Amino acid sequence: MLHTSWPTEAVVVLEHECAIALSPQAIDLGLQGGMRRNSMSALAPGVLMLERQPLRETDTRDGAALALLQYTPELTHADEDSLLLSVAASLRLFGGPRALCRRIRNTVAALGLNAQLGMAPTATGAWLMARRGRRVMRREPLVRHLANMPCTWLPAARPHRDWFDGLGCRTLGAIRALPRAGLQRRCGKPLIKALDAAHGEAPELFEWVVAPASFSRRVELIARIDHAEAALFVARHLVEQLCGWLAAQQRAVSQITLVLEHERGRHAIAPTLVDIALAEPAWQPEHLVRLLRERLGRLELGAPIIQIGLDAPDSVAFAPPSESLFPEPGGTPADRRRLVELLTARLGSDQVLQVAPRADYRPEVANHWAPIGDRPPSLPEAPVADRPFWLLDIPIPLVVRDNRPLYRTPLRKVAGPERIETGWWDGLAVRDYFVYEDEHATRYWLYQDRSPGADIKWFLHGIFG
Amino acid sequence: MDTGHPTLSAELPGGGWPQGSLTELLTAGPGAGELRLLQAALAKLPVQQPIVLLQPPHIPHIAAWRAWQPAPERLLWLRPTQANDALWAADQVLRSGCCAALLFWARNIRPESLRRLHVAAQGSDTLFFMLRPLSAASQSSPAPLRLTLKSAVGGVEVGIVKRRGPAREQPLHIALDISALPPLYPDVSDAPVDLRTPVAAEPRRAAHVLAH
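Chains A and B supply the protein sequences, listed in that same order. Residue numbers for the first sequence follow the numbering used here, beginning at 1 and rising by one. Residue numbers for the second sequence follow the numbering used here, beginning at 1001 and rising by one.
Isolated chain A, as found in the complex (with noise of 0.2 Å):
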């Protein structure tokens, strides 16, 4: 059974001027159930009243059921805002009752809902354990909760309430009691069914839901959102949702996109839309909440947010991961993977760079860095030679005393010359390099350029580490 988390201040939900929901900071102030608009904004003028809106409660109740198909295929919903799940093959999998409970739990919480669990081995047993919010996993067990539950509980008992009260049956014992063909003729067939389905003398038959082929999913806020950090709290009610929907699908997304409406004012400003692309297709929602954080933390809205949505374009068929027999100690592949498109998501794929070598002579042509891709670096035969480890962005160019070199201190030649003389296409460079050793014994990379036509000048190129 699902419920709303109220916010802290005082709320007050009205269907027809009349108060049906009320938070209970709102209770303190006085108000009660059923009280007009009127009423109650004299007696706490304060309290935020909002209108009932049908469309976004079935929206709500949609994507619980949506964020819920993680667990199990078999999904159905219930009167009463409840979903009824047939968790009979997923027990093992996710660890037990218990632990399944706290995961459902969890997750419902993550979508701004209060759930109150029931488990039993009936379904319309489970809806009224629900109630009671306890886990009765055999048949004895529960008869015996059902026998002392209020009769009203049960919706087709409702209608005769008055007829129980007369004859003294308050509980649903005490109506299993009574004689079934004077029951049936008094109240019909349809509560007979449903007490026989509680106590799983008569079948129940559900039609599941089904998840849509494709997600896309809108979430209209209450309220505008200025920073891009608070829309995280709604877009991760949206990846519950999404990995729910994959695991239904069996299916990993590799390409994500947050689309930001943002408010209309006098012109209409196109959605800010995040892209999220996955260098390995997953599934699991921490991971897209943590790539979401860093990228909404780096971002600068022109204007406010009225609504968010979540799109999974391109999803594939889930892999199912392949254990080996002893765990790798430094982290397996997909391990690494995810490490590398963290760190791309906040510091920019311009920032995170592999080798990627360039066959050319020139060291700073040769010398070329990529942002890191699927493919690993690929390395062109190249002579191995002794070059430092650091080369400098731009050579620095070096003043000459007594015929030698001087960098900080006078250089003294350890190596060289080695001419290289080469990029006739674009900028000639003809070099002769060597390396030189100041006082301290640190070694440099030195050069000295001898294009036609120009002054002979040294300059620094490296450094050896």
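None of these hints come from the bench; they were simulated from the model. A quick note: this is a predicted structure, and the numbers were derived from the prediction, not measured. Some hints here could point you the wrong way.
What the hints assert, rightly or not - Residues from chain A that face chain B, not an exhaustive set, calculated with beta carbons under 10 Å:
1) Val289
2) Thr332
3) Leu342
4) Gln351
5) Pro357
6) Ala366
7) Leu379
8) Val384
9) Ala385
10) Glu421
11) Ala441
12) Tyr444
13) Gly465
Stated by the list, open to error - Residues of chain B placed beyond 12 Å of chain A at every Cβ, according to the derived structure:
14) Thr1007
15) Gly1015
16) Arg1115
17) Val1119
18) Gln1122
19) Ser1135
20) Ser1140
21) Leu1145
22) Ile1160
23) Gly1165
24) Ala1167
Ideal placement from N, C-alpha and C gives every residue a C-beta, glycine not left out.
Assemble chain B onto chain A, guided by the hints.
For chain B alone, coordinates are given in the frame of chain A:
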């Protein structure tokens, strides 16, 4: 983790570089021989895991790694634009535990950030070095091992600022082979420039042996 230099290993507690702990290397600037000192250890790390260079002072030269043992394909160069991004990246790399080594060049770093990184390092087996300026030697640090590096003729001079165990005043001299490789071209600077052209052999007349 063996350092590859027996004299240095003998002085370090545990007989090598500590794994899962913060190690500080203090240098006056790039070029003190810090990477040649680490190269032997980096070469022994598991092959498939990346080596992360975070915020290096200059562009790492691929050709230098090519000549060395850790293959350049394993390098990951991170250059965050902000200081707190760099700390975050270091923290993530350490926590993920799937990188073989992290080399972090930091100029200004607060002691509490160092402590956090040290705690993050303890959760993994990553070989974690912070390369800091020499002036940081006077500041306090939570790192259990702090070394100063100065380039010296034929190697590097290692001073132990802090270690678990007795203090050591004299710096150690670690010999590093300056160039393990033969020069690509022979040194010809001393060779005479005007080589005499070899005397061409006189074309010998064909002997009249082919007598009729």
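Here's how the hints hold up against the structure:
1. The beta carbon of Val289 of chain A comes no nearer than 15 Å to any beta carbon in chain B, farther than 10 Å, and the hint placing it at the interface is violated.
2. Interface restraint check: Thr332 of chain A against chain B, minimum CB-CB distance 8 Å, threshold 10 Å, status holds.
3. With a least beta-carbon distance of about 6 Å to chain B, the hint placing Leu342 of chain A at the interface is held under the 10 Å criterion.
4. Annotation: interface hint on Gln351 of chain A holds; nearest CB of chain B at approximately 5 Å, less than 10 Å.
5. Taken as an interface hint, Pro357 of chain A checks out: its beta carbon lies about 5 Å from the nearest beta carbon of chain B, inside 10 Å.
6. Among the interface hints, the one on Ala366 of chain A holds; its C-beta lies about 7 Å from the nearest C-beta in chain B, closer than the 10 Å criterion.
7. A cut of 10 Å between beta carbons decides the hint on Leu379 of chain A: the least distance to chain B is about 7 Å, and the hint holds.
8. Hint status for Val384 of chain A: holds, given a least beta-carbon distance of 5 Å to chain B, under 10 Å.
9. Of the supplied interface hints, the one on Ala385 of chain A holds, with its beta-carbon coming within about 5 Å of a beta-carbon of chain B, less than 10 Å.
10. The beta carbon of Glu421 of chain A comes no nearer than 14 Å to any beta carbon in chain B, farther than 10 Å, and the hint placing it at the interface is violated.
11. A distance limit of 10 Å between C-beta atoms decides the matter here; for Ala441 of chain A the minimum to chain B is near 5 Å, and the interface restraint holds.
12. Interface hint at Tyr444 of chain A: satisfied, since its Cβ lies 7 Å from the closest Cβ of chain B, which is below the 10 Å cut-off.
13. For Gly465 of chain A, the interface hint holds, the least distance from its beta-carbon to any beta-carbon of chain B being 3 Å, beneath 10 Å.
14. Non-interface call for Thr1007 of chain B relative to chain A: holds, since the shortest CB-CB distance, roughly 18 Å, exceeds 12 Å.
15. Every CB of chain A lies more than 12 Å from the CB of Gly1015 of chain B, the least distance being 21 Å, so the non-interface label holds.
16. The non-interface label for Arg1115 of chain B is consistent with chain A: the shortest C-beta to C-beta separation is roughly 22 Å, beyond 12 Å.
17. Residue-level check passed: Val1119 of chain B sits 19 Å from the nearest beta carbon of chain A, beyond 12 Å.
18. Non-interface status of Gln1122 of chain B relative to chain A is upheld: no Cβ of that chain comes within 12 Å, the nearest being about 16 Å off.
19. Every CB of chain A is more than 12 Å from the CB of Ser1135 of chain B (nearest about 17 Å), matching its label as outside the interface.
20. Under the 12 Å C-beta cut-off, the non-interface status given to Ser1140 of chain B relative to chain A holds; the minimum distance is some 27 Å.
21. Every beta carbon of chain A lies more than 12 Å from that of Leu1145 of chain B, the smallest distance being close to 20 Å; the non-interface claim holds.
22. Distance check for Ile1160 of chain B against chain A: the nearest CB is about 20 Å away, which clears 12 Å, and the non-interface claim stands.
23. Separation of Gly1165 of chain B from chain A is adequate, the least Cβ-Cβ distance of about 28 Å exceeding the 12 Å criterion.
24. The Cβ of Ala1167 of chain B sits about 25 Å from the closest Cβ of chain A, beyond the 12 Å cut-off, so the non-interface label holds.
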